[in-house]
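*Asks:* Based on the hints, put chain W in the right spot on chain H.
There are 2 protein chains.
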Amino acid sequence: MALDPVLRAIVTICILVFSAKVLGEVFSWRKIPSVLGELLAGVLLGPFALGSLIVVNGTSLIQINDIVRAFGEIGGILILFVAGLEMTFRDFRKVGVAGFVIGTVGVIVPFIMGYWLSLALGFGTITALVVGAALVATSISITAVVLQELNQSRKVESRMMISAAVVDDVLGLAILGVIVSFISTSTPITALNVVVIISTSLALWLAMTVFAAIVLPKIINLTSKGSEATVEAAATASCFGASALAAALGLSPIVGAFAAGMAVASSKTIEKIRDYTKKISVIFSPVFFGLAGAQFDVRSFISSDWFFYAFFAALVIVAIISKLIGCGIPAAFFLKDRSKGIKVGVGMISRGEVGLIVAGVAISADAITRSTYAAILGMIMITTVLAPILLRRAYDKEPPEDALTTKEDEANAPDYIPTYPL
Amino acid sequence: MALDPVLRAIVTICILVFSAKVLGEVFSWRKIPSVLGELLAGVLLGPFALGSLIVVNGTSLIQINDIVRAFGEIGGILILFVAGLEMTFRDFRKVGVAGFVIGTVGVIVPFIMGYWLSLALGFGTITALVVGAALVATSISITAVVLQELNQSRKVESRMMISAAVVDDVLGLAILGVIVSFISTSTPITALNVVVIISTSLALWLAMTVFAAIVLPKIINLTSKGSEATVEAAATASCFGASALAAALGLSPIVGAFAAGMAVASSKTIEKIRDYTKKISVIFSPVFFGLAGAQFDVRSFISSDWFFYAFFAALVIVAIISKLIGCGIPAAFFLKDRSKGIKVGVGMISRGEVGLIVAGVAISADAITRSTYAAILGMIMITTVLAPILLRRAYDKEPPEDALTTKEDEANAPDYIPTYPL
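These protein sequences, in sequence, are chains H and W. Per our numbering, the first sequence runs over residues 1 to 422. Per our numbering, the second sequence runs over residues 1001 to 1422.
Residues from chain H that face chain W, not an exhaustive set, calculated with beta carbons under 7 angstroms:
id: 1; residue: Val-11
id: 2; residue: Cys-14
id: 3; residue: Glu-25
id: 4; residue: Phe-240
Worth flagging that the hints you see were computed from the coordinates, not collected in a lab. Source: prediction; values computed, not measured. Beta carbons: idealized from backbone N, C-alpha and C, even for Gly.
Extracted from the complex, chain H is given alone in its bound form (with noise of 0.2 angstroms):
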């Protein structure tokens, strides 16, 4: 059985795929999100555990070459530009003040409480950055569905966490951009240099991404009078296009690919665009999820000295504190009521796909240490599984939908529940 890479990719990919589905399945019956069961299919098939176990031949069935590792890269790639279609820059300019207020402090609240825990305890600037920025994002198709499920979608606070997350994505999008500069090019970090890249890599990301607006839905809609499966090559061209042009200018392919999602969203074929995508995703992923959960090294949970349990156990604290106090207590202040401020602080609190691919840009990197790629996974773990929890509770007492909802909060409400290909 001497199989070529592509053949060896193949196998890997086919159980990838078909595994993260069947956990991914299984979790969502009980509830839990799905993306946790893709994760788990990586960690259970990864080479730290059932992986390298699964021997044909001689040869390990699961072999991660550079073949599987292209899928998953373009199944992060593919993932960012689904979150892009489900948001248009009318969308982007209604989640209005509270929204915009909100997710900007819970933001720079993670951000600075994760990087400040990691340098007091000795973990140098780079990884600090990374820490930090994994901890800014707000998994926001987890928190829709927990908020749908609890039939609470139309409250104000509920459009307020909406809106504050698809502000902290676009953040977190941003931020990842400049530790990427930094890991890439290996500037000396001075308070100079660190406010020249966030501005020039500010600024290339808004003019890429207006560029983008203005030229893709051109070509979209041009397409869209050509016969079959002419509008889905013009999208992946779009993706793919915009991906490497965000590389070529030193931003990560990623911010290029929520850019061109954006820029496509408001072309007039884009339902059509949506369903191709959400299809090719199907194939890509799981790699990426899979590749993820891959990385993961259960044994740095199980050998691990007092520090590292010190550091994770600090990890979750923070992660689950900055949220609550940074989203909290500005919600709390434009809702004047404290007890609804503590709901939104509690739903913004999972951490997800933003995150996942924060520690993977660096982990593949080699930007941190595979124990702390394994604490932020654990991080992001813990918090997915207990935000619904929490979220669930607080609910628990209250009627379903109640009448505060004024007409100006109709107006502001986005219309952005951006939906993973999970």
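*Replies:* Chain W alone, transformed into the frame defined by chain H:
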């Protein structure tokens, strides 16, 4: 602009997908099969033409690296999976005696003529086998589309063409499997070995096809109760798993993909799977045809000696004559009408996907030279362009749809008209 291999591959795939679609679109407006446009995109962008001239910052923009090649190989697998999806075993049995005889004789005659032509011109046995195999399969999608355009698709002879084309597709793939075994195991070629390998291959193919037909529909039907995208994931796993299994058994992976497609075709959620597979093919299939085109060395045609031109001319003549004889004579016998027999023969002239796959597999394995490859590709292009023109002319003075259709023909008509994701 230092991009890693994945991003280089993304740039190349982006350009291939988009330009293949644009040229395919232009061709289909001009009523030329769009697959020729996709091939031409590859020829133009390949390393032997413009590909090496488009240079950004010192590196070629289009780089065919291992990841691009993997996408092409997966594209070939998906094309055959889609072809399999269009045909259940019931359809396969329905094609009737006439279709089976016309298809089989239409395989034997071109194969032997191509094989002897190559041997007579001094080529080796492997090359002769590849040339023979590349002549075997009709491009069923092109014929079917032309018959529909001419409003002749329900006539008796039209049905015979479709049935026979189904049979020659399968036989063409079986022969390819045999040749791949020869190439990969470098078995000495004796009459006994040929018989042994052909029978082993066919037996393995049959066993795998029956196994797939029993197991896969059960898996697919089981997963059809799952949430979004579970069936799609199971279909992907079936296709990839069967390809790898075929490769492990020493067959060609695409034969496995075809068997998996046929097996899945009888499941309940076939429409969903068809839609999904066509969508994911958008990203892979142009890479397959693009790479097929990119390997076409225009210089073979410009700077070649008289020997090449003689071989090429003879190959095109053999391609036309062999199907006219091999399909036309049995068809005239079954239809008891010489002019209709000729029409069937003309309709079967066009070669396409299977021929490309045969030639592509052979050149990837270094089993044929670049100039032989160019001659085969040229033959495919000429027959594909010629067949619709000749067929149109043959039907020119006839009324659309006659009343010759009998009840019996109706019952024997196959539902199978494969639509390749072009």
